[in-house]
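Student: Protein chains in written order, with the numbering used here: chain G, 2 to 494; chain H, 1093 to 1520.
What the hints contain is simulated information worked out from the structure, not anything from laboratory work.
Fair warning: there could be bad hints in the mix.
As the list claims (entries may be wrong) - FRET-style restraints, in silico, Cβ to Cβ:
1. H:Q1176 / G:A276: 32 to 40 Å
2. G:M266 / H:P1178: 41 to 49 Å
3. H:R1110 / G:G294: 52 to 60 Å
4. G:E389 / H:A1232: 53 to 61 Å
5. H:I1511 / G:E389: 25 to 33 Å
Ideal placement from N, C-alpha and C gives every residue a C-beta, glycine not left out.
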Amino acid sequence: MDGYSVSADDEEFLRRVRPPSWQNPQPQTLYDLIIVGGGPAGLAAAESARRQGRSVALIERDHLGGNSLNSGSIPSKAIIRAARVSAFIRDDAEFGTTESSRPLIDFADVMARMRRIRTRIAEYHSAERLSARGVDVFFSSARFEGPNTVRAGEAQLSFKKAIVATGARPQSSDIPGLEKIGYLTSDSIFGLAELPRRLGVIGGGPLGCELAQAFCRLGSRVTIVQNEPKFLPLEERDAAELLSMSMSRDGVETRLNTTVVGARMEGGEKLLDTANDDLKSSIAVDEVILSIGRAPNVEGLGLESAGIEFDAGRGIDVDNFLRTTNADVYAAGDVSSTHPFTNIAEASARLAVQNAFGVKMQRQSRLMIPWCTYCDPEIAHIGMHLREARRQSIPVKCFTVMMQDVDRAITDQQDDGFVKIYVREGTDSILGASIVASRASELINEMSVIMSAGIGMRELAGILHTYPAQSDAIRLAAVAYMNDQPVDQVPRD
Amino acid sequence: MHALCDLADDALLARLQRGAFNYLSEYCNQENGLVADTSRAGSPCSIAVVGFALSCYPIAVERGWMRRSEAAALTLKTLRFFAQSPQGDQADATGFKGFYYHFLDMRSGRRVWNCELSLVDSALLMAGILTAGCYFDGPAQEAEIRGLSDALYQRVDWRWARNGLETVSQGWKPECGFLHYGWEGYNEATILYILGIGSPTHSLHESSFGDWTLTYQWENLLGYDVLYSGPLFTHLFSHAWIDYRGIQDEFMREKHSDYFENSKSAIAIHREYGARNPRSYVGYDRNLWGITAGDGPAYREMQQNSRDRRSFGYMSRGVPFGPDDGTIAPWAMLATVPFGAAAALQGTRRLLEKYPQVCTEDRFSSGFNPTLETERGGWLSEGWYGLDQGLLVMMVENHRSGLIWDMTRNCPAIRAGLIGAGFSGGWL
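Whole structure, please, built from the sequences with the hints as guidance.
Tutor: Written out as structure tokens, the structure is:
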């Protein structure tokens, strides 16, 4: 399929993230901090270091904004929003609309809107803005040439400290024939000009599920193939099962426990050959999305020259302070993290800057990290999982509130899902939470504040929420906790 | 209203228990003891149903429905079949490594439908085989029953079923080896672990049970503390054989509960869910509930009042996370009778009053969906399923006399399995 034609939005986007006429600055003799990579981690590190008054150079080989802005969080969420509107139109009869009043979604308009949004957001991270803040921005590949030197094109830069934040790229696959028939990844899907009539998605992780559901809602006939018994293997079983049901309701053909064992062209169409134990089958598709994880960008950086140890699959080795094996070099974001989320990349980058120049080092294990998969319903989590607590022999009890018992979720007809808060038994300490809800990405942030502030279930039960509100589910879980306490332990007014 | 509603509680229980048992004798191949999975024409045998049937013959003897010699003869035929049928890795064998394929041809006893060597269904079969060995304590053919019971149980290679991992796989096929999914979270597999650990020959490691319990979820759900599992049958199957009252493993000791109390909590949650009825299904009520594995309507495209009303075929339904398509299992409420007779009978009576069509020949159908409008007042599963009938006979008997529980308390394999899995206290 041909890509879309370049629009004014695209030109403006490029002007912001990779200005065509950009001249790399004259390098300073010695930088306090050099950042390799201009994605979310690199940008956050630059901002944090400049706020401390450090001299900073940032080297980006491609576009500023990284995967998040160019081909990840932002474009996918823009498309997911359109897909939600499409699903709402499909299911809106209960709200009084008629079949004839429902407009059709135009894929070209969906993609154009996505590009407008991306361009708008790019302004916050533009090269011009960075430069105005005193960051020397170099557009070129970067290569370490010694423990404290890095080459950026023609220039050799020296640093006191450096942060590697080169991110990750879509993992490739050795499925026989797949390269030959061609496939899309998160890097290329957002360049589609037409909606594929039949789409095969390989991989049931967060991105695979998000794209499968979104493209199905936009009108593609989607089959998703996952080689595990459930989607989102890192999430709670009930969350993954709710997602399966939701995707199935949308019309996504789900193939769990199934492996793609080959790909081929036959009769002018792409065929994915699958195996589910002894059951063999083929799926005919027009496009394939490969979404089986991400590979850290560690190649061609000369990491060996700087004494930085890494692994092609695992990424750069860092300690709990985000230090690499070179004491002057740190790593942040997807290049060294098992959790490829923008908020984690940014938080780890700020921590790396703090540890590079601060008096007191902070451990990354102390970060309280919420994350979310943006399917419908959304699936969000923070803190400890139930199984993790059990493995550590921590007595844990889960207080669950079903969204179908939350008044606002009922009135909104968004009552699929639940709030689960994991509490250390015998105390009111919150260990973690999982939320499946239409807007779990928002609700989980309340849990993030609660946990960061050290608020326990007793106090939470007394915190007023607006009524009706979907976030009231969180308070109701705390009320369930209070109701579960012996009467003489419940504080009297 | 169904004519059964006029009966007093004891008489009602007796009638329905007998009706359920009649399925097991009516759909049994008297030549080899295999029992059909369902009453539908051409149904194969389900080995789990045979396990239930073997456990129900002693009940039939004690209730006067079968002569002891007749029950012993049928039991012996069944055990001889399993001892003599082909074991091996060929695709049409009856079993492998002492386990058996889930579904067998009713006459030849060979594997059908390309089905899996089912570990949990084999465990249910073994539970029946051990029950027979406990009950038939006389000489002659009863001695042979005991010998075969021991031999069949000891032949099972439970250790192999781990596939080199800590916990047990769900199954195996000659075409592809072990199925690549295991057991996660609490469910009906307790009996599998207990029998596996109790084996004197090829036992599971005692720690395997603890490893499985690491996947448990202890939740406060709809106001009740529960070791969560959604489908109701998962809270009943192991209990058909084992009296969990007062005995605790490490997990339940930590929670100050036991598995019997836990099933009571699960039932309370099912009733509360029925009362809340979040999807506005027809019929659901605090006294009309029972969402579990069973047959279903399987309408893939369905809207009602603009809400998605897609339904499923035979599947495991659960509460409160779903799936729930408005289908209840009419037998399920009565099967909970040992955990609370009042709720079980109240619910069963209400069902019979409101929807008498769910019970014919004193037997409950597998699934009923009153939300789907049909000429019969809702979608009704055709015929009967053997698992439902076998479980019902045993649970009613455990309520009436405790016969099965009393027997298995002295079953060496079950005692060893429970102790190995870390259970203590109570009658143990």
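Student: Are the hints correct? Go through all of them and say.
Tutor: Each hint tested on the structure:
For Q1176 of chain H and A276 of chain G, the Cβ-Cβ distance of about 35 Å falls inside the hinted range of 32 to 40 Å, so the restraint holds. The beta-carbon spacing between M266 of chain G and P1178 of chain H, approximately 44 Å, falls within the hinted interval of 41 to 49 Å. Checked against the hint of 52 to 60 Å, the pair R1110 of chain H and G294 of chain G passes, with Cβ atoms roughly 58 Å apart. The supplied range of 53 to 61 Å is met by E389 of chain G and A1232 of chain H, whose beta-carbon atoms lie about 57 Å from each other.
Hint check: I1511 of chain H to E389 of chain G, Cβ distance near 29 Å, so the stated range 25 to 33 Å holds.
Violated hints for the displayed structure: none, as all numbered hints are satisfied.
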